[in-house]
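J.: The whole structure should be built from the sequences, with the hints applied where relevant.
Number of protein chains: 2
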Amino acid sequence: MSLIIIGTVAFDAIETPFGKTDKIVGGAATYASLAASYFYSKAKIVAVVGDDFHQSDIDTFTKHGIDTEGLQIKAGEKSFFWSGKYHNDMNSRDTLITELNVLENFDPIIPESYQDCEYLMLGNLTPQVQQTVIKRLKNRPKLIVMDTMNFWMDIMMDDLLETIKMVDVLTINDAEARQLSGEYSLVKAAKKILTMGPKYLIIKKGEHGALLFHEDQIFSAPALPLAEVFDPTGAGDTFAGGFIGYLAKVGTINFNNMKNAIIYGSALASFCVEKFGTEKLLNLTDEDVAGRIQEFVSLSSFTIEA
Amino acid sequence: MSLIIIGTVAFDAIETPFGKTDKIVGGAATYASLAASYFYSKAKIVAVVGDDFHQSDIDTFTKHGIDTEGLQIKAGEKSFFWSGKYHNDMNSRDTLITELNVLENFDPIIPESYQDCEYLMLGNLTPQVQQTVIKRLKNRPKLIVMDTMNFWMDIMMDDLLETIKMVDVLTINDAEARQLSGEYSLVKAAKKILTMGPKYLIIKKGEHGALLFHEDQIFSAPALPLAEVFDPTGAGDTFAGGFIGYLAKVGTINFNNMKNAIIYGSALASFCVEKFGTEKLLNLTDEDVAGRIQEFVSLSSFTIEA
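If you read the protein sequences in the order shown, they are chains L and G. The working numbering applies: residue 473 is where the first sequence begins, and numbers increase by one. The working numbering applies: residue 473 is where the second sequence begins, and numbers increase by one.
Keep in mind that the hints were calculated from the coordinates and are not lab data. If you're wondering where the values come from, they're calculated on a predicted model, not measured in any experiment. Keep in mind that the hints are not guaranteed to be accurate.
Identical chains blur together in the list; that is why a pair holds if it fits in one copy or across any two.
Pairs of lysine-lysine, DSBU-like flavour, derived with a Cα cap of 35 Å [said to hold, decoys possible]: (1) Lys747 with Lys664; (2) Lys557 with Lys495; (3) Lys663 with Lys492; (4) Lys492 with Lys660; (5) Lys610 with Lys671.
T.: Have a look at this one:
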């Protein structure tokens, strides 16, 4: 039994109103696998980097029990690099630099030892690469979770729809749900998207929380109101990683476990934004996580006697 | 013991992507008192109309057990009239016509029979008129809830701050909380606003629900995701009316009852937007309300075992 996370492993340079970083390790697979590691101890990543990626960077994964056999290191090439600057409201950002580098010809190779995959997280990448991973697994995983973004809707909707058809859970934000469905109402949008393949749809609303749709059921998860959002980079990937990590741990897929998985994912994401990059995700304790979960319970519980 | 609701009673002409109305009865006190009537049967209103307001309009209040002794009818004058058009997203609107009419010189007269007031809802009006009502009550009510809007922050912040100082609960939206406090983070905004007088702050976030702040406690209430929002007019007033009506019914002010009051207010508001104007609020049954509350419980409950 294993959990595979595919996505970017990259260098980011981030500027927020609170400061800026040099090149630090980022990428969807990095955030997601670190988050998952708090619940499930043997996540395996599939990703590609250049030889500018150092052994010490790889050690960070290993320290968290993350299997890097599927991390390809391309000699003579450079890792994917993204640089961005957040505006004062932290809800919008400008991309300053995108260098695809090794990502341009990424061929996701699945090591033989990964073939027992039961839980698959497809981090945001081209829909073709995501699809290739599904096809290269000899047995269809028990649960496939897919993250994507508006960019692929803009330039390759057909490929995207083909990949979406193959997954169980789709995670997108509210604007993306509206774009994908052509419906403004999120209820109508969800209804349409749930006919496209996924059995579960998660609509991420940032500071407003997340909605989970499944058949006729809806769950509304709160976001933790924070005094300070230091750096939102990776929050969505952290959410997804915590989500699938929790499900891999409990091992049973149903609506109730999905709801809890969203709370765990949200809790990890709320830590992520408190420091630059992955910093806060590197050294959480079980008590930190349990305390944060308790905050979510207090935040949203009420008792109405009929 | 009584509940007083002060606010506008008015005529509205509303246009949405779903259609348009002629002049229909609206106004903050109308929506709030109708909503409150589902929980508390003897709400008293303080408001002013012209003689274009018909006996049949007054009968609507009476039928819901609402006391209209404090509704002044100005002979030879016209009622407040507002006309607006909603955009396709239903989140923004253009005001087409505002005729203040009787509202221009509104002097809120408190009938002697209203002097047993324990619960006071100050619907959105000039801060001076809101303050006058507080001063004309011989005994300070047990709970004063105040609604206001950005308009008063723009043109009479000093008066507004003076009135805010006198109330227990302030209800505003997220943009207004940011404007009033000068803080972008709602946690920081709430912290500041809770030093201005109110012991409780409710930040309304429309389709994203509402946040309740009190001392160091926060409650996040979901909004019910709706397939169709037909007409958002009066939703905030309906929320406030359901909120204070529920509190007047239970009779004890504490954080738990406040949380439930927000759920009841949100439930009433979710009905309000399903039809034009007050239409949906006129004929709800107890079963309708109980069913909707159950939807809120399902929507937001999760069980995490530690």
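J.: Using 35 Å as the alpha-carbon threshold, which applies to Lys492 and Lys660: within, between, both, or neither?
T.: For Lys492 and Lys660, only the inter-copy Cα distance (23 Å) is at most 35 Å; the intra-copy one is 40 Å.
J.: For Lys663 vs Lys492, is the C-alpha pair at or below 35 Å within one copy, between two copies, both, or neither?
T.: between (41 Å within a copy, 28 Å between copies)
J.: Please work out whether the CA atoms of Lys610 and Lys671 approach to 35 Å or closer within one copy, between two copies, in both situations, or in neither?
T.: Classified as within: same-chain Cα gap 22 Å, cross-chain 60 Å, threshold 35 Å.
J.: My question is about Lys747 and Lys664: at a cut-off of 35 Å on alpha-carbon distance, are they close within one copy, between copies, both, or neither?
T.: between (37 Å within a copy, 24 Å between copies)
J.: Tell me, please, which holds for Lys557 and Lys495 at an alpha-carbon limit of 35 Å: within, between, both or neither?
T.: Result: close within a single copy only, 13 Å intra versus 49 Å inter.
When held up to the earlier numbered hints, the structure conflicts with none and fits them all.
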